[in-house]
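Heads up, the sequence shown is in the numbering used here, so the first residue is 1 and it goes up one at a time.
Calculated from the structure, these hints are not laboratory results. Cβ atoms here follow ideal geometry from the backbone N, Cα and C, with glycine treated the same way. It is possible that some hints are incorrect.
Across the chosen pairs, the derived CB separations fall in these ranges [as the list claims (entries may be wrong)]:
id : residue 1 : residue 2 : range
1  : Asn102    : Phe13     : 18 to 26 Å
2  : Met78     : Asp55     : 18 to 26 Å
3  : Lys9      : Asp60     : 33 to 41 Å
4  : Lys130    : Asn87     : 17 to 25 Å
5  : Asp55     : Lys130    : 21 to 29 Å
6  : Asp3      : Gln120    : 37 to 45 Å
7  : Gln56     : Ser115    : 18 to 26 Å
With a straight-line cut-off of 27 Å between C-alpha atoms, the simulated BS3-like cross-links for lysine-lysine are [unchecked claim]:
id : residue 1 : residue 2
8  : Lys9      : Lys34
9  : Lys73     : Lys39
10 : Lys34     : Lys124
11 : Lys107    : Lys34
12 : Lys130    : Lys39
13 : Lys124    : Lys107
14 : Lys107    : Lys73
15 : Lys105    : Lys39
16 : Lys35     : Lys107
17 : Lys105    : Lys35
18 : Lys35     : Lys9
19 : Lys105    : Lys72
20 : Lys34     : Lys105
21 : Lys9      : Lys32
22 : Lys73     : Lys124
23 : Lys32     : Lys107
24 : Lys9      : Lys105
25 : Lys105    : Lys130
26 : Lys105    : Lys124
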Amino acid sequence: MSDITLNIKGSQFLFGNTDFIDMTVAADMDLKDKKCVIKYTEEPDINTVITIDEDQVTLDRTGEDEARYFFKKSVPFMISYNTPYGNFGMNMLTTMVETDVNQEKGKIEIEYVMSLTGTQCVSKLLMTYKSFTMNKGI
């Protein structure tokens, strides 16, 4: 297990508008064989686990808003998104997954389309990380 700095950039295009997210968090990363697991806490009660296994990525969120996302190119997936306001089911189709991870730094790039009752949202996610030792210039 090693400490990393994880940067997450995302965009969602819906109804002609694009929303962006850009955040940096401290995270823990474990790399064994070709499987990489990254864990971080966004807020006191929201925990996220990202699992990279060659050509697929799973993102699990627990806390107030709970969801599991599965990203594998051209594989449809039904998301159950649990919120304080109820459960929502959304269809998702991943159009791109590219991963390049090692102990010192990594990059995970994902593009996908989500649809809910006929409305589609195009999303892009770029996650990059560096180990704390690289951040210190050691």
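Hints and how they fare:
| no. | hint | verdict |
| --- | --- | --- |
| 1 | Asn102 with Phe13: 18 to 26 Å | violated (31 Å) |
| 2 | Met78 with Asp55: 18 to 26 Å | holds (20 Å) |
| 3 | Lys9 with Asp60: 33 to 41 Å | violated (20 Å) |
| 4 | Lys130 with Asn87: 17 to 25 Å | violated (37 Å) |
| 5 | Asp55 with Lys130: 21 to 29 Å | holds (23 Å) |
| 6 | Asp3 with Gln120: 37 to 45 Å | holds (38 Å) |
| 7 | Gln56 with Ser115: 18 to 26 Å | holds (20 Å) |
| 8 | Lys9 with Lys34 | holds (24 Å) |
| 9 | Lys73 with Lys39 | holds (23 Å) |
| 10 | Lys34 with Lys124 | holds (24 Å) |
| 11 | Lys107 with Lys34 | holds (14 Å) |
| 12 | Lys130 with Lys39 | holds (14 Å) |
| 13 | Lys124 with Lys107 | holds (13 Å) |
| 14 | Lys107 with Lys73 | holds (17 Å) |
| 15 | Lys105 with Lys39 | holds (15 Å) |
| 16 | Lys35 with Lys107 | holds (14 Å) |
| 17 | Lys105 with Lys35 | holds (14 Å) |
| 18 | Lys35 with Lys9 | holds (22 Å) |
| 19 | Lys105 with Lys72 | holds (22 Å) |
| 20 | Lys34 with Lys105 | holds (14 Å) |
| 21 | Lys9 with Lys32 | holds (25 Å) |
| 22 | Lys73 with Lys124 | holds (13 Å) |
| 23 | Lys32 with Lys107 | holds (17 Å) |
| 24 | Lys9 with Lys105 | holds (16 Å) |
| 25 | Lys105 with Lys130 | holds (4 Å) |
| 26 | Lys105 with Lys124 | holds (20 Å) |
In this structure, the earlier hints numbered 1, 3 and 4 are contradicted, and the remaining ones agree with it.
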